[in-house]
Amino acid sequence: MLHIIKTEIGYQQALRYLSQDDQVILVENACYLITDKNLTLPSACFVLQPDLSARGLMPLVSESTQVVDFNGFVELTERHVNSTTWE
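Sequential numbering from -18 applies to the sequence shown in our numbering.
By construction, these hints were calculated from the structure, which means they are not laboratory data.
Possibly wrong hints are sitting among the right ones.
As the list claims (entries may be wrong) - Listed below are the simulated DMTMM-like cross-link pairs for lysine to aspartate or glutamate, each with C-alpha atoms no more than 25 Å apart in a straight line: (1) -13 x 59; (2) -13 x 17; (3) 18 x 32.
What the hints assert, rightly or not - Label pairs and their in silico Cβ distance ranges: (4) 62 x 17: 27 to 33 Å; (5) -11 x 25: 14 to 20 Å; (6) 36 x -7: 30 to 36 Å.
Just so it is clear, CB atoms sit at the ideal spot from N, CA and C, and this is done for glycine as well.
Construct all of the structure, not just a fragment, from the sequences and the given hints.
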């Protein structure tokens, strides 16, 4: 399943339902989660580049952050039969 996370609260809610095969994409204000050094994001976590850029967060992206553009977002949705959005 693909979990589309829009906010920090949405991320906290989604954590209860994530399974090993799930993937996560951070969009909108959830992009700020990459700045939290105390937070360990799942290894299958992606961040939407246009949302990072709009918030001035691109300089804070670490090498381990998987950044995708809109085409990458579409590819993620194509890989998964199911997706859910957390706001």
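Results of checking the hints against the structure:
{"no.": "1", "hint": "-13 x 59", "result": "holds, 19 Å"}
{"no.": "2", "hint": "-13 x 17", "result": "holds, 16 Å"}
{"no.": "3", "hint": "18 x 32", "result": "holds, 19 Å"}
{"no.": "4", "hint": "62 x 17: 27 to 33 Å", "result": "holds, 31 Å"}
{"no.": "5", "hint": "-11 x 25: 14 to 20 Å", "result": "holds, 19 Å"}
{"no.": "6", "hint": "36 x -7: 30 to 36 Å", "result": "violated, 20 Å"}
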